[in-house]
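K.L.:
Produce the entire structure from the sequences given, and follow the hints as far as they go.
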Amino acid sequence: MDDVLGGLALLFVAAAATAAVLNRDPARQALVLSLLGLGLAVLFTVLQAPDVGLSQLAVGSAITPLMILLTVRKVRRIGRGRQAEDDGKGRSR
Amino acid sequence: MSVLPYLVAGWIFLVGVYGMATSRDLVHAVGCLSVTQSSTYVLLLAVGYRKGGSAPVFSDIEPGSRPVVDPVVQALALTDVVVGATVTALLLALVVQIAKRHGTTDPDALSELKG
Amino acid sequence: MNWWLAGAALLILGGLGPCLWGAATGGTGRRMTAQNTATLLLCLVFLLLAQGYERPAYTDLALVVSVLGPAGTLVFVRLFETPSDTPAAARLLSPLVTAATVATVVPLCVATGPGRAMAKLIVIGVLLLAGGAVTSRAVRGG
Amino acid sequence: MSRRFRLCVLALGLLAFAALFTAACAELPPFGGDRHPYGDRAVHAALLRHTANTVSAVNFDQRALDTLGEESILFASVLGTVVLLRQTSDEHRTVPKPSPVPDRTRRYGLLALPVTLLIGLYVVAHGQLSPGGGFQGGVVVATAVHLLYIAVDYRALERVRPLGPYEIADAAGEAAYVLTGAGGLLAGAAYLANVLPYGTFNTLSSGGTVPLLNAAVGVEVAAAVVVLLARFLGQALEIEGDEDRGEGKG
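Line by line, the protein sequences give chains A, B, C and D. Under the working numbering, think of the first position of the first sequence as 24, with each following residue one higher. Under the working numbering, think of the first position of the second sequence as 1437, with each following residue one higher. Under the working numbering, think of the first position of the third sequence as 23, with each following residue one higher. Under the working numbering, think of the first position of the fourth sequence as 211, with each following residue one higher.
Keep in mind that the hints are not guaranteed to be accurate.
Chain D residues, not near chain C, derived (Cβ > 12 Å throughout) [said to hold, decoys possible]:
#  : residue
1  : THR232
2  : GLU237
3  : ARG251
4  : LEU257
5  : LEU294
6  : VAL325
7  : TYR332
8  : LEU357
9  : ILE360
10 : ILE378
11 : ALA379
12 : GLY451
Partial list, derived from the structure: chain A residues whose beta carbon lies under 8 Å from chain D [as the list claims (entries may be wrong)]:
#  : residue
13 : GLY30
14 : ARG47
15 : ASP74
16 : VAL82
17 : ALA85
18 : LEU89
19 : MET90
20 : LEU93
21 : ARG103
None of these hints come from the bench; they were simulated from the model. Built from N, CA and C at the ideal position, the CB exists for glycine as well.
P.N.:
Written as structure tokens, this is what we have:
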């Protein structure tokens, strides 16, 4: 039974890691990363490391996605600001 | 089953590096780095696992009543998970700075800007 | 053969696997619904693992997920700018998760018997149900 | 260097790594093997010092100096982030628009906050007994504070989060760890040596200095994450570059 559980958790983590890399939009990647964190937590618990699992859960479930999404928002705001600036300059010329 | 955990750790590492190298957005690259990082935790914990073992935590079992897995590798991975998250934050802060300076987070466009 | 572990394996294969597929493809609403369902199911997986390995200490993980999981989902609800395009089937998911929670927590309570451990299980169950009810509404935009 | 050429180099590197790594896997001790000399000795040493959670014993007693290093990395990266994301002279703050949150979510957030806080403190306090500790519990505590932003409103968060005390707490946590270590020197033993009485096995006060160092890390991590997120929130919601910045520079 241990082998089956461990194998399933490992395959889930491998699939989640691949999906996280292949999602090129950072906001959507953050969603898959949070699932990867959850999968890792299960894998660590199956490998009898609940301490590490708890660590992964605490970090991966809310804090990391929040930081990534805030960065994405900031970067997009900068992009929009630049766009507006360029448009303004184009009109004044 | 005997080498599957090691191979999965290797796969996560490879896929993370591939993502970083082909990324068109630095925020995405930072996400890929954290994927790569997680491969080390998988490898470490796989090395410390003992078949039929339990967690080396004796709040709810008698010491010596069951075989336990290796606590040393767990301690290594545990601190790095949290410290790694703050390093990710530092990298994201750098990305914000780059976006402010150059108005883009595409690494290819950035290298064109440089020369 | 340990039935608790078998249940956990079944939840990973039949619950978390499809959720990963849902979160990695498709529209934003679908992805968020999948992520939300995955966190709620994960809590049940931890409860089953704790019982299956006969380690009451492992329930701490379920306790942490029962509050941080909904918090994580609310982060996405808060910061995703695109309008929600939640699939119609999402309505069916939340009763399904509720039923799964009850179907997991009640047998676990029976297996542990009265005491501190059972109180902890009930607290986790209540937190999970409350969090699930709020987040699944929030994901649907209500 | 063209993109195509770069991909070829990447493929070569990845293939070489895959080949070497697979070869190395064959030589590694088999997964789930029975020989863990370091692990067995670490468990033995932890039990001698009455620490039920041997992982915490390794972190805060046997390898406490390593943890000091890790903690310093954490401290340094928080410092770096604070410097990078500070408000510069050509930027100004705007008041973010309040965003509508459904009543149901708001009520849940306000109820979940104390519960999450309590769970976080429980995880920190039981670090030397059951799974958990300062690193994990600190993050949970910090998440609890941010439920105010996630489920209520940014301004509600700003009211309970005067940043100064959190920055001081961050430094105080780091200092407490260093000073507890120096206590070992004062007692005539080595730096970070476990000099306090070990207490009764499997009680909150067991483990000598382990609970103290654990609490110091908990304070530091919680404060660090709050400070970090405050900077990100400030940048994403409040700080804006001046419109005439491009002209001033050019």
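K.L.:
Next, verify each hint and record whether it holds.
P.N.:
Quick rundown of the hints versus the structure:
1. THR232: Non-interface label on THR232 of chain D holds, nearest chain C Cβ at 26 Å vs cutoff 12 Å.
2. GLU237: The claim stands: GLU237 of chain D keeps its Cβ more than 12 Å from every Cβ of chain C (closest is about 31 Å).
3. ARG251: It holds; ARG251 of chain D is separated from chain C by about 23 Å at its closest Cβ, greater than 12 Å.
4. LEU257: holds (16 Å)
5. LEU294: holds (21 Å)
6. VAL325: violated (6 Å)
7. TYR332: violated (8 Å)
8. LEU357: The claim breaks: LEU357 of chain D does not keep its Cβ more than 12 Å from every Cβ of chain C (closest is about 6 Å).
9. ILE360: The assertion about ILE360 of chain D is violated, with a minimum of 5 Å to chain C.
10. ILE378: holds (26 Å)
11. ALA379: Holds: least Cβ distance 22 Å, greater than 12 Å.
12. GLY451: Non-interface label on GLY451 of chain D holds, nearest chain C Cβ at 20 Å vs cutoff 12 Å.
13. GLY30: violated (11 Å)
14. ARG47: Violated, because the Cβ-Cβ distance from ARG47 of chain A to chain D comes to roughly 15 Å (cut-off 8 Å).
15. ASP74: holds (5 Å)
16. VAL82: Because about 6 Å separates VAL82 of chain A from the closest Cβ in chain D, which is inside the 8 Å limit, the hint holds.
17. ALA85: holds (5 Å)
18. LEU89: It holds, given that the least Cβ distance between LEU89 of chain A and chain D is near 7 Å, below 8 Å.
19. MET90: OK, holds: MET90 of chain A within 8 Å of chain D, min 6 Å.
20. LEU93: holds (4 Å)
21. ARG103: violated (11 Å)
Violation of the numbered hints given earlier is confined to hints 6, 7, 8, 9, 13, 14 and 21; the remaining hints are satisfied by the structure.
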